[in-house]
Amino acid sequence: MRITQGAFSFLPDLTDDQILKQVEYAMSKGLALSVEWTDDPHPRNCYWDMWGLPLFDCQDASALMYELNECRKLNPEGYIKIQAFDASLGTESCVLAFMASRPASEPGFYLARTEGVGRFQKYAISSYAVEAKPAGCRY
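Numbering (numbering that gives the first Met the number 0), first residue to last: 0 to 138.
No wet-lab data here; the hints were simulated from the structure.
Some clues are possibly wrong.
Label-pair ranges, simulated between beta-carbon atoms [unchecked claim]:
1) C57 / L88: 19 to 29 Å
2) E69 / K132: 16 to 26 Å
3) F119 / S92: 37 to 47 Å
4) E130 / P75: 16 to 26 Å
Under the rule of at most 30 Å between Cα atoms (straight-line distance), these lysine-lysine pairs were calculated in the DSBU-like manner [stated by the list, open to error]:
5) K72 / K28
6) K132 / K72
7) K72 / K121
8) K132 / K121
Note that beta-carbon positions come from the ideal geometry of N, C-alpha and C, so glycine has one too.
Throw the hints in and build the complete structure from the sequences for me.
Below is the structure:
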């Protein structure tokens with residue numbers, strides 16, 4: 000199973016050269032970039048852990064690539080994405096987000112069913128990654 004979140008997620012994984020070109024493009028448009036990672040890419044988990052602070056005034060794409068590679072070293076089994084924010088309208092709006100790295104084996108999700116009163120069925124999407132390493136063991 001392949002997680003598909005953000006731009007380019009239905010394409011093959013981007014190479015570092017392709018990521019660098021996207022970062023250079025975003026910086027040329029005056030966007031602030033950040034690196035985020037998680038080990039639980041649940042579809043409703045839109046708040047991933049930030050890797051350092053956003054690079055607000057940085058105009059050097061190699062600085063972001065350095066941060067990306069450091070994040071990859073310390074989180075080899077994690078999902079890493081790059082986000083670009085536009086502050087031109089007075090708000091920080093995410094205008095671009097894409098996966099920059101993913102684990103070699105993606106654990107996927109399962110559908111958990113809970114029976115309620117009468118014949119009522121309740122469903123939830125759960126992550127195999129979280130099941131394998133509960134909250135107290137993951138960090």
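Could you say whether the range 16 to 26 Å given as a hint is met by the Cβ separation of E69 and K132?
-> Holds, since E69 and K132 (Cβ atoms, about 22 Å apart) stay within the stated range.
Quick one: are F119 and S92 within 37 to 47 Å, going by C-beta?
-> 39 Å, holds
Holds or violated: are the alpha carbons of K72 and K28 at most 30 Å from each other?
-> 29 Å, holds
Given a hinted range of 19 to 29 Å, is it respected by the beta-carbon distance of C57 and L88?
-> 21 Å, holds
Going straight from one Cα to the other, do K132 and K121 come out at no more than 30 Å?
-> 24 Å, holds
Please work out if K132 and K72 have their alpha carbons no farther apart than 30 Å.
-> 20 Å, holds
16 to 26 Å as the expected CB spacing between P75 and E130, which holds or is violated | 20 Å, holds
30 Å limit on alpha-carbon distance, applied to hinted pair K72 and K121 | 39 Å, violated
Hint compliance for this structure: hint 7 alone is broken.
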